[in-house]
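Full structure from sequences and hints, please.
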Amino acid sequence: MKDKKTIKVAFPHMGNVYIGWAAALKKLGVEPFIPPRTNKRTLELASKYSPDSICLPYKLVLGNFLEAIENGVDYVAMISSPGICRLGEYGQCIKNVLKDLGYEDKYTEMQLYDGFKGMYKFLTELSGCKNPIIAAKAINIAVRKVFVLDKIENLFSYYRARETVIGTAEKHYNRALALILEANNTRELKAYAKEAEAELKKTEIDKDRNVLNVDITGEIFLVQDPFSNQNIEKELGRMGVQTRRSLTVSSFLKDAIIPKFFKKGETHLERAFRMAKPYLMRDIGGDALESVSDVAYANERGVDGIIHVSPFTCMPEIMSQNIFPTMRENCEIPILALIMDEQTGRAGYITRLEAFVDLMRRRKLYKQKQEKVKV
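Residues in the sequence shown are numbered from 725 upward in steps of one, following this note's numbering.
Don't take each hint at face value.
[Said to hold, decoys possible] BS3-like mimics (lysine-lysine), calculated; alpha carbons at most 30 Å apart, straight line:
1. Lys875 / Lys845
2. Lys958 / Lys918
3. Lys830 / Lys732
4. Lys1098 / Lys1088
5. Lys854 / Lys914
[Said to hold, decoys possible] Have a look at the derived ranges for each label pair, beta carbon to beta carbon:
6. Arg899 / Gly826: 35 to 45 Å
7. Asp1082 / Glu994: 32 to 42 Å
8. Lys914 / Asp979: 19 to 29 Å
Please keep in mind that the hints were generated in silico from the structure rather than gathered at the bench.
Owing to the predicted nature of the structure, the values given are computational and were not obtained by experimental measurement.
By construction, the Cβ of each residue, glycine as well, lies at the ideal position given by its N, Cα and C atoms.
Here's what the structure looks like:
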């Protein structure tokens, strides 16, 4: 009797979320295929088959899928949403493209807001695993890895903004990621997470450096994905800015996947409805509600600035950007809005970042002088 063929499945890149998905698939006996890091070829390949007006995340997801299929995967897995956002149309559009190219049978999909049950159903149907305990363990290791990764990201940002030699923090960070990727169960993950933190702490830093603190919000794909946001966190780190992602995959999991009785404290979405109320009374799609609330939250915490990144033609984020001027009546925090697409020029983009950092530094220095005068 021949051994059953191990299927190979690919998920699109969105930051480091592939590490969580890979862990879940391995647990279920499925071979995860990690597409090549998103690059210019990925975008060029997808642009051939994409509508001109579609947003950048769609093109990059399609490009990841096409490169994965070139490498012989059995399935490309898409996350879809019924919400008021074009993400709900991604699935059918991508399916149509793959059908035209003769790859329709390689497409599979998971509904975004079906919660734990939806994720369980998706993974068991994909893998053929009938053992609920193994399936639950697969989801558990994936979720735990995502939370560890977000913690590692924050630590990385701290060291990158203070490193004495540019690039050393990133080297340690890449080694830390490799450790998290290798963990096969929660026991190993706990041990490797400690090793990953220790690896990052090897970075030599200047503890006295006058570092700025900036939150990054906007459309979640662009917030998470360094290719689409043109490595904004790396560029800011070189300028001595410590960044914090207001939108994280772990915060999304708390809202959409993790059962209520496992949640501790207020979730990101709950905070969004509470803090956005003076300016936006309802969800208008995408991450607009979260973006508006994130500005108010950053202002409340007294951070030095907030950057809003969004894809060109993304209507929910356009709406949130139009609300920001009204928020200035109550929020003093500087806001930089960046709209990204494949035509975004790097030189002008860096110039805007440098000008924003300079603005924040002068503002912080002025506030410090004012406080000294009061004393």
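Structure-based check of each hint:
Only pairs whose Cα atoms come within 30 Å are accepted, and Lys875 paired with Lys845 is accepted, the gap being roughly 28 Å. A hinted pair counts as satisfied when its Cα atoms are at most 30 Å apart, and Lys958 with Lys918 qualifies at roughly 24 Å. Taking the CA atoms of Lys830 and Lys732, the gap is about 10 Å. The hint holds against a cut of 30 Å. The hinted pair formed by Lys1098 and Lys1088 meets the criterion: a straight-line CA distance of about 16 Å does not exceed 30 Å.
With a C-alpha separation of about 28 Å, the suggested pair Lys854 and Lys914 falls inside the 30 Å cut-off, and the hint holds. In this structure the hint that Arg899 and Gly826 lie 35 to 45 Å apart at CB holds, the actual value being about 41 Å. Between Asp1082 and Glu994 the beta carbons are some 36 Å apart, a value that agrees with the proposed interval 32 to 42 Å. In this structure the hint that Lys914 and Asp979 lie 19 to 29 Å apart at CB holds, the actual value being about 25 Å.
Hint compliance for this structure: no hint is broken.
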